[in-house]
Amino acid sequence: MIIYLAFALLSTLFNLSLQYLWVSIYNGRYELESAILIGTLGGFVLKYLLDKFFVFKRSEKKVDIKELFFYGFTSFFTTIIFWGVEWFFHFAYESEYSMYLGGFIGLSIGYILKFYLDKNFVFNVSSRNLNSWGNYPKIDNSSIEPVSKSSLKDIIGDHVKYIPYGNGRSYGDSALSKNIIKSSELNKFIGFDPDSGLLEAQAGVLLSDIIKIFVSKGWFLKISPGTSYITLGGAIAADVHGKNHHIDGCFSSCLESFTLMLANGDVKECSRLENKELFYATCGGMGLTGVIINVKIYLKKINSKWITQNLVSCKNLKELFAAFKTHQNVTYSVAWIDCLAKGSSIGRSILMLGEFGEDGDLNYKPKRRLNVPFFLPSFCLNYITIKAFNTLYYFIKRGKKSSFKVSIDDFFYPLDAIRNWNRLYGKNGFLQYQFILPEKVSYEGLLKILTIIAKKKKGSFLAVLKLYGEENENYLSFPIKGYSLALDFKIERGIFELLDHLDQIVVELGGRIYLAKDARMSRETFERTYHKLSNFRRIRQEIDVSNKFESLQSKRLGL
Amino acid sequence: MSYILILGAKSDVAKALAKEYAELGYNLYLMSRKVSDLELFANDLKIRSGKEVLLKELDILKWENHAEIYNNLEPKPIGLISLIGLLGDQKIAENDFNHALRIMNTNFVAITSFLEIAANDMKEKKNGFIVGVSSVAGDRGRASNYYYGAAKSGFSTFLSGLRNRLNPFGVKVLTVKPGFMKTKMTEDLELPSFLTISAEKAAHLIVKAQKKGRDVVYIFWVWRWIMMLIGNIPEFLFKKMKL
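Residue numbers (this note's numbering), protein chains in the order written: chain A, 1 to 559; chain B, 1 to 243.
Derived by calculation from the structure, the hints in this document are not laboratory data.
For glycine and all other residues, C-beta sits at the position ideal for the given N, C-alpha and C.
Heads up, a few of these hints could be off.
As the list claims (entries may be wrong) - Quick list of the computed label-pair ranges, beta carbon to beta carbon:
hint, chain 1, residue 1, chain 2, residue 2, range
1, A, K427, B, S144, 37 to 47 Å
2, A, F77, B, R165, 54 to 64 Å
3, B, F97, A, G72, 54 to 64 Å
Same shape as in the complex, but just chain A (with noise of 0.2 Å):
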């Protein structure tokens, strides 16, 4: 900061000097004018250079032309709060000297407010902590990326608690801790054998890389959840799903076996063959029995990179109930549904069924992505914006005809064509609730629930519902027959509260909480709702990793 009002005087100093310099050697008719003009220019270009490399330390040599303009909007902003001031004082005191003092409180507050700005939005400066989807919570850290088995057995052997970190997108504090072990250099590709559609990889991989390479070899993920930017480790360790769970169940479905070490160094092989409640443990277990080392898992034939897509539009929840069971047989399925619809309209819906396409067509190449370059204030997203996105969505897809082809990307993945979506739920992060209820009572339940939000007007872009298959063997997974809805609420006043009755509801419904999704529940709701909790603690207990492996998820419910 004090280097940085250094530079700005420095530069005001340069700034004078060339417009004294530029005068005494040109006496023109725009001697002011052309004299301003070069001066500002130039202690603007100076200042820029030395706030990017010195202030803030950015070593690419390029000048980017978009953080240019913007690092010249911020400036533009703060010179008319300065002028501003100045000219409120010279008005309101009518003094030369409330003058000078009003251009110098002007300046200071313009030169504060610009450091910010500069800091977070033109040069973004972030701290090195990682965090996870939803920024919410947020805890110092420090992380390590092994760049091989022995490394990570090196790491492990210190005598400091670990969890590990793919790519970050669980939303809640699943992958939060302390010390966190990133997986990001553990990303090789170890073999393929196009006969079976069996893939050995290293758990770093991302879904996203298997997608660019194998789709236009005929592959593609047999479980997928919504975005593409996660890594196969944390998709076991979440045990994910996808549009097609109630057909294909969750990701270890396709999953052939993983080796995983332990706190103690030693590599264990598991499978539903082999240490079997290890592997069962290990899907959905959250990271907390071990490091996944590398992963086998089969990939799915497909005949075309298109996608048939259906959607099915639903006045409200009883419509969109008849048309899940009528469309039960379709292979993908979801349900986008306008959580802040009331009365009669509540549970209006969009169901969207697709199928792989059979043409042949596998000439795929990844999309192009938008980006949120900076977090927005929180407040652009209320009540009235997310009406406005939701009824306006609604009647759009309503509009459009019902069958057409849709690419892999659009299908699967419309959130991933936009990088850091969660910046739009500003600084302070957001949570994403995930439940599912059983399929009796899964109607009652939802109706209730979207009554609530609907009242308390705590709505989200992204109400997501869909209708689950059968319970799996895995002590953690999430899912059981029955509909789940997923909403994400930005943290504000009054939402923990408004979470901790929906939470009951699901309790006494006999439904359960997304832990990958989870930042808040209680571990009495934990507790009532996973009921295979007790095979999973006393595997931690079996293989003595409680001392070595904790999240700040893990500890809060106690796993």
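Assemble chain B onto chain A, guided by the hints.
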């Protein structure tokens, strides 16, 4: 598609270069000592790019084997990039000539043996390119690492001569002079962040310079001016400085 040969393939910049060239559609020969350490990397690159990635054992200090190793390559590479380098320890080198010799042989003497063999082959075919990664440390000798600097200086001079000799035959020779890079070689050093670039960025700039047919490049640009400044300090001042 043609092959590119990378010497000293275990370095971070070499790996990043391998990725770049594979993405551009080239097959690769990767050479280094204990090359089997690269199997995981090579396999991964092969799956990601769909290109051939072949590993060949090479101990650069055993120059008696160079010809045989090169002649066994089939097809012959159309480009060769040497990233062989050993920073060594100046303090040890001052008291142990064997260590000094090792620094000089690795960074200079031994590479010329291999490069000459490849150069003759390319000259005959009137096609190909050679990229030698030298160092800004070779531009002026400093107390802190003059054995390394002297060897790199010799290597830069060798490349300059080779470029001159091969120019009539359409074979391009590029001298790369990196400044600070964030790699395994420098992981224990505290480097000023605004003078340091990542291995990936360095690799990208090297490929760009090679594609453009440049002769000598500093990686990255600030270093050209820094070295010009350092080069112009009069010796009577320079000898009193601690650099």
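Do the hints match the structure? See the list:
no. : hint                        : in the structure
1   : A:K427 - B:S144: 37 to 47 Å : holds (45 Å)
2   : A:F77 - B:R165: 54 to 64 Å  : holds (60 Å)
3   : B:F97 - A:G72: 54 to 64 Å   : holds (59 Å)
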